[in-house]
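Student: Below are the chains, spelled out letter by letter.
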Amino acid sequence: MTITWNDSVPIYRQLRERVVAMILDGALNEGDPLPSVRQVAADFQINPLTVSKAYQELVDDQLVEKRRGLGMFVIDGAREALLRSERERFLREEWPALYARLQRLGLDLKTLLREAPESATGNEGSQP
Amino acid sequence: MNAVVTATGLNKTYKNAHALNDVSFRIESGRIVGLIGPNGAGKTTALKAILGLTDFKGQLNVLGFDPRTQRDQLMEQVCFIADVAVLPRWIRVSEAIDFVANVHPRFNRAKCEAFLARTKLTPNQRVKQMSKGMIVQLHLALVMAIDARLLVLDEPTLGLDILYRKQFYQSLLEDYFDENKTIIVTTHQVEEIENILTDLMFIRDGRIVLDTDMDTVGERFAEVMVSSDKAAAARNMKPLDERQVFGKSIFLFDGADRATLESMGEVRRPTVSDLFVATMKGTYA
Chain A
1 MTITWNDSVP IYRQLRERVV AMILDGALNE GDPLPSVRQV AADFQINPLT VSKAYQELVD
61 DQLVEKRRGL GMFVIDGARE ALLRSERERF LREEWPALYA RLQRLGLDLK TLLREAPESA
121 TGNEGSQP
Chain B
1 MNAVVTATGL NKTYKNAHAL NDVSFRIESG RIVGLIGPNG AGKTTALKAI LGLTDFKGQL
61 NVLGFDPRTQ RDQLMEQVCF IADVAVLPRW IRVSEAIDFV ANVHPRFNRA KCEAFLARTK
121 LTPNQRVKQM SKGMIVQLHL ALVMAIDARL LVLDEPTLGL DILYRKQFYQ SLLEDYFDEN
181 KTIIVTTHQV EEIENILTDL MFIRDGRIVL DTDMDTVGER FAEVMVSSDK AAAARNMKPL
241 DERQVFGKSI FLFDGADRAT LESMGEVRRP TVSDLFVATM KGTYA
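Protein sequence lines, in the order shown, are assigned to chains A and B.
1 is the number of the first residue of the first sequence in UniProt numbering; add one for each residue after it.
1 is the number of the first residue of the second sequence in UniProt numbering; add one for each residue after it.
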């Protein structure tokens, strides 16, 4: 597999973000094993220490756990915890700027919902 | 940490050239070290000294042995792949395996055969019928099946196509490397190994001009893209290098203050090849 790393962020951080995205997307479920350090190092052609460092951060954030002799596993409740912290982060860091932009453009909620992509509207009775 | 290689004051002169000029370094166990330098900088001489293939002045300890006097013991623990083909052209795959099995006490035949089973090589095939990539595959299979603590690779992927090159490093990481092993590699294709390395050494004119671990590279060196109005200010901060792209200047700094750099433009980590070009400026001039 070939992926391009971004030069302004350390690779272990980018690797961590990939695992986080996989947990949020459901590509990795709670209780699932993470691929072994060796496997990831070989697949991405990066040093095993880099992979270990990324995994260690996930352990420190209590998203994965190390099971002796078996490897790393996604902790129960990891997805919920991630969703919570990602929602908080969105509201804190992204929403104020987005809200200001919507105000500037004069877009109201009704218009936004009408224009929402079909796949994203879901079935929660939010028809205009 | 235990040192795998400790070199102190290595010197080696050929007729009129200083191939190694007071070279000192230390390599720890479990590292993957890139020894990078222009042609004729002394890379191969340094590797030959480590392998006991050349004489030199100074002190050198490799896995507790002196390569000059204890080469036999040392060779049980060290493997080497050179850029020049060393496998005889007439030998068959099966004969090569038999040979290594007979001469090397730490060779694991099953491991070698398992690795070869994943390639297109067949036991009866002779080296002279193989492409360069296939020869390297065979060589790698023989070497990886030896439980050696130090692996020395001198331009291992020279002349290979992209597929074989990727597969080479993938195999090393998947089937060979662990925290008890150490790899020293020289190559001109730095971009394909820069994420694999734990440590980086630059050699120029027989001297080690940079010796650092990769984490430190990211902390010490920074590239910043600056628009023309701030270029003079950046130039005042004594950059290692400057180049122009799309009307902007890219400066490479060693040890400059991060916050100051960030106030001038977008900061990123330089690639090993950028760093190499900046460090080796004027080598052929």
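By construction, these hints were calculated from the structure, which means they are not laboratory data.
Among the hints, a few may not be true.
As the list claims (entries may be wrong) - Derived lysine to aspartate or glutamate pairs resembling EDC-like cross-links, with alpha carbons at most 16 Å apart: (1) 132(B) - 83(B); (2) 53(A) - 83(B); (3) 248(B) - 266(B); (4) 166(B) - 191(B); (5) 238(B) - 254(B); (6) 166(B) - 43(A); (7) 128(B) - 95(B); (8) 53(A) - 95(B).
Student: Hint by hint, say whether it matches the structure.
Tutor: These are the hints, each one checked on the structure:
| no. | hint | verdict |
| --- | --- | --- |
| 1 | 132(B) - 83(B) | 11 Å, holds |
| 2 | 53(A) - 83(B) | 33 Å, violated |
| 3 | 248(B) - 266(B) | 11 Å, holds |
| 4 | 166(B) - 191(B) | 12 Å, holds |
| 5 | 238(B) - 254(B) | 9 Å, holds |
| 6 | 166(B) - 43(A) | 10 Å, holds |
| 7 | 128(B) - 95(B) | 14 Å, holds |
| 8 | 53(A) - 95(B) | 43 Å, violated |
Checked against the numbered hints given earlier, the structure breaks hints 2 and 8 and satisfies all the rest.
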